[in-house]
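In the order they appear, the protein sequences are chains F and W.
Residue numbers for the first sequence follow this note's numbering, beginning at 1 and rising by one.
Residue numbers for the second sequence follow this note's numbering, beginning at 1 and rising by one.
None of these hints come from the bench; they were simulated from the model.
Certain hints may be false.
To be verified - Each computed EDC-like pair below joins lysine to aspartate or glutamate, with the alpha-carbon atoms no more than 20 Å apart:
no., chain 1, residue 1, chain 2, residue 2
1, W, K131, W, D155
2, F, K41, W, D247
3, W, K472, F, D55
4, F, K396, F, D435
5, W, K41, F, D247
6, W, K214, W, E240
7, F, K472, W, D461
Claimed, not checked - Covered stretches of chain W, going by a simulated chain F footprint (3 or more residues, C-beta under 8 Å):
no., region
8, 244 to 255
9, 455 to 469
Here a beta-carbon is modelled for each residue, glycine too, at the ideal position from N, C-alpha and C.
Number of protein chains: 2
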Amino acid sequence: MKELTTLLDRIGQRANINLRDLDFDVPSHIRNLVPLDQMVKFYAFYGITPHHPLDFHFRHSSLAGSYFLGKCRAVNSILYKSDIRGDELKQKGHVFRHKDFEIPILMDEGIEIEDSFLIKTLVHNFSHDPKTLERFFIKDTVSAHYANIHGSPCDGCFLGPLATVDLTTMHDSVIGAFSYVQTGEIAHLNVGPGTVWIRSPGEFNFLYHHPLHKLDDYVSFSAGRTPQGFIVDFVEDRKESFQKVFDVVNIEPSVPVPRSASLDRYAVIKPKTQIGENVLVAQRAYLQNASLGKGSNAQENCYIVNSRLSGNNVTAHGAKIIESDLEPNVFVGFNSFLRGRPDCRLTIGRDSIVLPHTIIDIRKPLAVPSEHFVWGLINNQHDLMSNSMAFNDFSKIDSELVQGNLVFEGQGASFVSAFRERIHHILEANGAFFDGTANRGHAQRNQRISFNTIQPYPDGDLEGLYPTIIIKP
Amino acid sequence: MKELTTLLDRIGQRANINLRDLDFDVPSHIRNLVPLDQMVKFYAFYGITPHHPLDFHFRHSSLAGSYFLGKCRAVNSILYKSDIRGDELKQKGHVFRHKDFEIPILMDEGIEIEDSFLIKTLVHNFSHDPKTLERFFIKDTVSAHYANIHGSPCDGCFLGPLATVDLTTMHDSVIGAFSYVQTGEIAHLNVGPGTVWIRSPGEFNFLYHHPLHKLDDYVSFSAGRTPQGFIVDFVEDRKESFQKVFDVVNIEPSVPVPRSASLDRYAVIKPKTQIGENVLVAQRAYLQNASLGKGSNAQENCYIVNSRLSGNNVTAHGAKIIESDLEPNVFVGFNSFLRGRPDCRLTIGRDSIVLPHTIIDIRKPLAVPSEHFVWGLINNQHDLMSNSMAFNDFSKIDSELVQGNLVFEGQGASFVSAFRERIHHILEANGAFFDGTANRGHAQRNQRISFNTIQPYPDGDLEGLYPTIIIKP
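Whole structure, please, built from the sequences with the hints as guidance.
Below, the structure written as structure tokens:
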């Protein structure tokens, strides 16, 4: 295990050098986050299909429990139970449009992870940055449990647990626990925990801060400790169910799956779950007494428990939906935590958008009206009033809105249309609109994947490290 | 599956071109031997340890259910449930001695399989040929079920089911079902079924022919049919037990295993089995109510059922031992089939050598004395008299012996010492003589292996073919 210890030290040091301006010490935060002997316990795996690019390169890395699809490279890195999905990367010959620019893609884009340590992190989609279209790089970066790195090249960064960085290039920055950042590009920033920040330069700036004294009950993180809080406990309590899924080589679905839908064999499916047409259930999704209507999806690390999704519902990476009823087209953003209770269910009206990193945790029934945004921390009807707004009203904002912990600047209409367009794109990419021949998406293309499993050296100095593995078509 | 069909046709044609002198048609023999849809059903796997060289290269091949260890390359080949063990290959810097030659090994030897189709075949050890020390090649070759290619480079050959070629370089030759050839080098020969041929030029020539009318009951093979006969049925009847072993990712041994012994996780262990010190149980071994005394080994594809092995017993690749008691140091050669019955057990005396491809199938108790060779087909005491001889007597032969179906020419003493030396080497390599610190062998080195599993394209033109996979340290 000698080499692996050296590698971890090296990664911590490299991140620290990048973050030296911010007075943030990475090694003290990652020490004990994952005991290194865990790194020999879980196999990593990669998917092979005729529908995805196939180009993997793993070198001098530890990959315990991690999953790879598409075109991914990992060098000098430790990836622990992370999902690295390179199946939506840009391909050679395409043209990328950014404002007035039309930029040709000269080679297939790849996800390149170097000198980094990712813990239970999702890396997905394609890099948004027109400066580096062919390289989705993650370099000198550490991310803690259930972070999402979504289309966001990172260089010299630290992401706390349940942090999401979305369509943002980051240099030398720290993103606090449960913070969401979608801002184009940032550098040398320390974004505090519980921040929800969505900015489109020249158009709008949405900035919400979770009240920290309340957020601590759900997620908290400090140096030398593993993440704490109710959301973390919720996930930990369901860990064992995944063990069973990973222990067998092949597994038959325990529920009927329509031909147009796909249920990943690494998802956990508990009784009374129903899967509709065009539904996508990604790996490491957890469904229990969940009904997924036509075109809905359940993305990586999401949990849907005792809930009904009527149709075309997006459950983004890491979202949890408990004792809730969602009308058609409701979108639930990254890492949101929606918790109704058996005697007081949460209902969300048609077309409404639960912004990323929203927490709704109620003790009386609560109904979010249709065509509303909802954000932040909501425990009751009173919170809902300050943390939601009808699209129509939001569209009317043309300079500033201060409401509760939210400050919004710019054009509300742009914000509304940006979200609606993106949700349409997500549904499309996931195959929600498949009509039997056209509009294929992940739900149709991911139905038959061969999973190859890989393990590290079991002994000696290299224990926990994987050999060099190169996979090409 | 289009590409796989083309590949199979290509392999058949290449073998045929090599064998055109012998009037042997390979395609008609391999058609239907393995329906190609089988090639997507089973994962292949390779082992990773710090004790073995690590160098795999798979390209444009189908590898269903095959196992790889060490340094192996497969190109344009179909390997079905084969075991390719490159863990005893010659290494750079060693010196190979052959008579008066001292030949330096300039690069690590590798097993190179090209344009070949191997079915449930064992490929093992290092190539014996001083002309090509660094390349153990198998080229334009087809081998049927349970063949052994042991230290034997092959070019343009066909091996029938349960055929073994041992320490022999072969060009453009056919080896019939259940034939054993250990002759240094052959070319353009068609060796009929049931031949046991052991030759050391200038020293001895051992040539036995199984009576074909009797052999047919045990193994027979003809164009267009899968192999038939009792030995084949015996193996088929136990196939299901292996399925269970392959269905789970990790498996705990069901019997105690001493620290000095190794039990492969892909072996089948049925109740009442006992594993002694320094014992090696290889993958795809099948043990049922089997007692393996100190230093014994059970090699790939062997079956030991209701039998006692007292100690330092070698059960070579593919041997079956049923209702038998073996005294210490008894050697049972490749693919031998020893079948006592509950009411008439077979006993074999200390130090005796069951030559490869021996069949003993009795209906009355039978005892092979100690320090004897035994060979050929034996159904009773009378057969034993003609098909066995004390080492002492054998050593006295100095020109020729004709006895039953055996013709022996040359020096009996050389034959005896050649076998005894080789058996000593096998026990040594397998770790039988480990004393707690020195004399480590496979039994000690193979205790902790990481197995990585690989699968082919599940769909499309490439269905059944594996992507290019390269593994290096």
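Hint by hint, here is what the structure shows:
Pair hint W:K131 plus W:D155 holds up; C-alpha atoms about 14 Å apart against a cutoff of 20 Å. Pair hint F:K41 plus W:D247 holds up; C-alpha atoms about 18 Å apart against a cutoff of 20 Å. Taking the CA atoms of W:K472 and F:D55, the gap is about 16 Å. The hint holds against a cut of 20 Å. Annotation: proposed proximity of F:K396 to F:D435 is violated, straight-line Cα distance about 36 Å (limit 20 Å).
A hinted pair counts as satisfied when its Cα atoms are at most 20 Å apart, and W:K41 with F:D247 qualifies at roughly 18 Å. This hinted pair does not check out: W:K214 and W:E240 have alpha carbons roughly 28 Å apart, beyond 20 Å. For the suggested pair F:K472 and W:D461, the alpha carbons sit about 16 Å apart, so the restraint of at most 20 Å is met. Against chain F, the region 244 to 255 of chain W contributes 5 residues with a C-beta closer than 8 Å to a partner C-beta. That satisfies the three-residue criterion, and the hint holds.
With 12 residues having a beta carbon nearer than 8 Å to a beta carbon of chain F, the region 455 to 469 of chain W meets the requirement of three or more and the stated coverage holds.
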